[in-house]
Amino acid sequence: MSVSLGELAVRFGCELRGDPEARVEHVATLANADRTALSFLANPRYRPQLATTRAAAVVLNAEAAAGCPTHVLLAENPYATYARIAAVLHPSPAAAPGVHPTALVAASARIAPSAHVGALSVIGERAVVAERCVVGPHCVLEEDVRLGPDVRLAVRVTVHRGVELGARTVVQSGAVIGGDGFGYAPERGTWVKVPQVGAVRVGADVEIGCNTTIDRGAIEDTVIEEGVKLDNLIQIGHNVRVGAHTAIAACTGVSGSTTIGKRCMIGGHVGFAGHISIADDVVITGFSAVSRSIAGAGVYSSTLPFEEAHTWRRLVARFKRSGLLEERVRRLEGAAGNKSRQEEDP
Amino acid sequence: MSVSLGELAVRFGCELRGDPEARVEHVATLANADRTALSFLANPRYRPQLATTRAAAVVLNAEAAAGCPTHVLLAENPYATYARIAAVLHPSPAAAPGVHPTALVAASARIAPSAHVGALSVIGERAVVAERCVVGPHCVLEEDVRLGPDVRLAVRVTVHRGVELGARTVVQSGAVIGGDGFGYAPERGTWVKVPQVGAVRVGADVEIGCNTTIDRGAIEDTVIEEGVKLDNLIQIGHNVRVGAHTAIAACTGVSGSTTIGKRCMIGGHVGFAGHISIADDVVITGFSAVSRSIAGAGVYSSTLPFEEAHTWRRLVARFKRSGLLEERVRRLEGAAGNKSRQEEDP
Amino acid sequence: MSVSLGELAVRFGCELRGDPEARVEHVATLANADRTALSFLANPRYRPQLATTRAAAVVLNAEAAAGCPTHVLLAENPYATYARIAAVLHPSPAAAPGVHPTALVAASARIAPSAHVGALSVIGERAVVAERCVVGPHCVLEEDVRLGPDVRLAVRVTVHRGVELGARTVVQSGAVIGGDGFGYAPERGTWVKVPQVGAVRVGADVEIGCNTTIDRGAIEDTVIEEGVKLDNLIQIGHNVRVGAHTAIAACTGVSGSTTIGKRCMIGGHVGFAGHISIADDVVITGFSAVSRSIAGAGVYSSTLPFEEAHTWRRLVARFKRSGLLEERVRRLEGAAGNKSRQEEDP
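Residue numbers (our numbering), protein chains in the order written: chain X, 1 to 346; chain L, 1 to 346; chain S, 1 to 346.
Rather than coming from a laboratory, the hints here were simulated on the basis of the structure. Worth double-checking, as some hints may not be accurate.
Here are the computed distance ranges between Cβ atoms for each label pair [what the hints assert, rightly or not]: (1) S/ARG313 - X/ARG47: 47 to 53 Å; (2) S/ARG313 - X/PRO44: 56 to 62 Å; (3) S/ARG35 - L/GLU187: 53 to 59 Å; (4) X/ARG292 - S/ARG47: 45 to 51 Å; (5) X/ALA335 - S/ARG313: 52 to 58 Å; (6) S/ALA297 - X/VAL283: 53 to 59 Å; (7) L/SER4 - X/ARG292: 39 to 45 Å; (8) X/ARG110 - L/PRO101: 19 to 25 Å; (9) L/ARG23 - X/PRO97: 43 to 49 Å.
For clarity, every value in this text was computed on a predicted model and none was experimentally measured. All C-beta atoms, glycine included, are put in the ideal place defined by N, C-alpha and C.
Work out the full structure: start from the sequences and follow the hints.
As structure tokens, this is what we get:
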């Protein structure tokens, strides 16, 4: 795919400083670009690389454009504009409309003529696959699943009965949507399984990462609102609701019945307790334990940064004898007759 | 499915307060029930919803029944009784006995006539699938796998060679049972793979979550005892033993050769070191690091609850200069001639 | 498989103390060995079991050999020698050369005659499967994938377009290599997907665990160097580089663009921030948060060991009021006129 800078400028509303006839064929980093490459500058720390890049053109903002030796596409949000141009230069592999002869489609399923159903996929009764969907090889859609238009399922995605995915939603390989939630009633030292009769409703423009799991609701549905982005190996428990445009990084788990607000940014390896509520516009740093509700927007953390192990062991030892230190301070205060600030250990 | 309250009362040993001819068709939450719904009250925090629920009937205990405006099914353990009734109202989708024509079954495998083997599943040599098992589509059972009666494998479950699953055990989609354990012998800066020749033995009435992985033993078997419940995305290392009726929440990892006792409750995102032993009836709160053995029943934790990030940074800074604070206290004690409580930093 | 001790001694360069005609058939632990078993002693804590083992022969080092009542194979590195002998006694199940009739192989793919392609696997256009590879059932190799000689893919491994795996690399069941990285450009409260146009290059002699996910690069490739060992349920973000012979335990996540050095040992449940660099020969203890770069070899930790929950709650309460304790010490210092060591809270 080769595109002229003039065409890109018109199509993406950029101001072009340079030759409109110059062409780019692929994207590259500033450091490794060649004369057919388009690159971009969004993170200021890469700015020194502008001087030496061999890229044909760079997408950047007005402030950075001054010293740039290449053709320039000016954009207010260079990263977003780069993303759109990259999608033109590197289109997703095409998937021909039609059902692969080895796919197994139930008689009552409805597959739009423009949709693609890949090799060895299994589509259950009454499932609906809308216009221009791409269902990759080895996917399983159980009965009553509904895919909106332009949904893309990568490879061996499992979508359990009754789950709905909104338009343009993308599911990466190995994800499981609508498995049974983790619900058991304790009874005399054993567990009685609680049937999980809800489903999962996923909005439009959601992305779900590789091997991520989203459980079906116990009674009502688990809900992933529009525009949510979930990384790989995330666990979403039953009856969770994730608000619109929230992004969650890998290895995070959300326990059952917890609600996360809109436009939140959740780091990797975060754990959420169940039955809590997180406000809109909350940021949680990676590796934090969210054990109670959060009522307002802001940044929250319980991340303990590492140290060299010998230093760390001393820190932990002091942490564990902190009661002794408080006691020593109390005795000093007593001796000084200065008891006014004293606090009892609860 | 529609059932009369009289039939439910007889079948599940409840006292009925209300009309035995009244019928329910499905389950619902108290808040969202309609006139054909059965609901339940187990968590006291939902008690205020009793007054306004439109459910046909509610399962609850005698104490809560007083103010309930609906028909009532009295149960000592309302949640467990609800679970059993829900299974009647919402039966698992039926799976017709027989082997799907696209499944590949080795000549020496034995499939009970009442068992179901789904589309595109692969069953290896000498595998045994007992009465009334349901093997979902895209499952792979390698050679010498043995499924007890009434086992249910959801979609694309992988069971490696020689693994045994006890009666009524349920495995959710994407789980892998019997992959190679993580065993390598260090040798001059590289790793020599140690063959993993054990298998996995899973007891009866176990449930294994979506995309959870249980490794085969290095020499002897990894063992999951009866009644264990494992949530999604859990890692069980080689030669681990999980005791009967223990429940483990999502994203938890158990390192090799660790033994967990019976009836334990393990939170999500917990990490267990290898080669340790955990007593029966232990509770571990979510996000804890279990780095040494636990000899007795009790509740254990290393969960650090989060704070607003600015506050958190100050807490971490103080934690990291805790040695300085100890030193300041030591000097004050010295000045006060009060050295009796002094402790040296180890 | 039955082998004489004499043959094993010659083949693996061990000194034999005992009968060269004696034969072993399988491996076993010292505690549970029978008269046809070969066992080994590497961890000194099992040394007391030597006296009572019924093994036919034990692999151990010269120091431990003194009191051993069985035939002995002397090795400098008994665990590595045991590993090699175990591979002889317990060979991997054979896979006949050839393509299973139900596999779907694109016309332009090249499959070596000595390679095995399992049931229901799907091989894309221009993919290359080299000599003696074993591709298990239900694997999907997209277009332009390249497997070096002797690669083994277990069951339902997904390898996305353009990914390369080096010679002898092993991928366990359910792993996904080359899914899209987690890249989105923020724009007015929503996210624009950034096409992930790099691939993944995996070196020789790598092992990748069950359900582990390795994302393709955003522009350039994600790289796993030779000899790396990745356990189950690990997440490797886009453009990460993992150095040769590094081993990473289960449930660990590495955020995008982070570089990990050679010969590192990373515990389970560790989280790495993105865009950081870890030196060679670094050890990270399990459950640590690696939030910044590490410049030199050493052991690093942020693991907080657990306590009984009541004790833990008091420790956390003291941690959270640590500012108050500092203030109390400051007042004591003021009263004592001893202000020289005082520190302001930043």
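Status of each hint after checking the structure:
Taking the beta carbon of each, S/ARG313 and X/ARG47 are about 49 Å apart, inside 47 to 53 Å as hinted. Taking 56 to 62 Å as the suggested C-beta distance range, the pair S/ARG313 and X/PRO44 does not conform, at roughly 44 Å. Taking 53 to 59 Å as the suggested C-beta distance range, the pair S/ARG35 and L/GLU187 does not conform, at roughly 29 Å. At about 49 Å, the CB distance of X/ARG292 to S/ARG47 agrees with the hint of 45 to 51 Å.
In this structure, X/ALA335 and S/ARG313 break the distance hint of 52 to 58 Å, their C-beta atoms being roughly 29 Å apart. Taking 53 to 59 Å as the suggested C-beta distance range, the pair S/ALA297 and X/VAL283 does not conform, at roughly 34 Å. L/SER4 and X/ARG292 have their C-beta atoms about 43 Å apart, which keeps the hinted 39 to 45 Å range intact. The beta-carbon spacing between X/ARG110 and L/PRO101, approximately 23 Å, falls within the hinted interval of 19 to 25 Å.
At roughly 47 Å, the beta carbons of L/ARG23 and X/PRO97 sit within the given window of 43 to 49 Å.
When the structure is compared with the earlier hints, violations turn up for hints 2, 3, 5, 6 and for no others.
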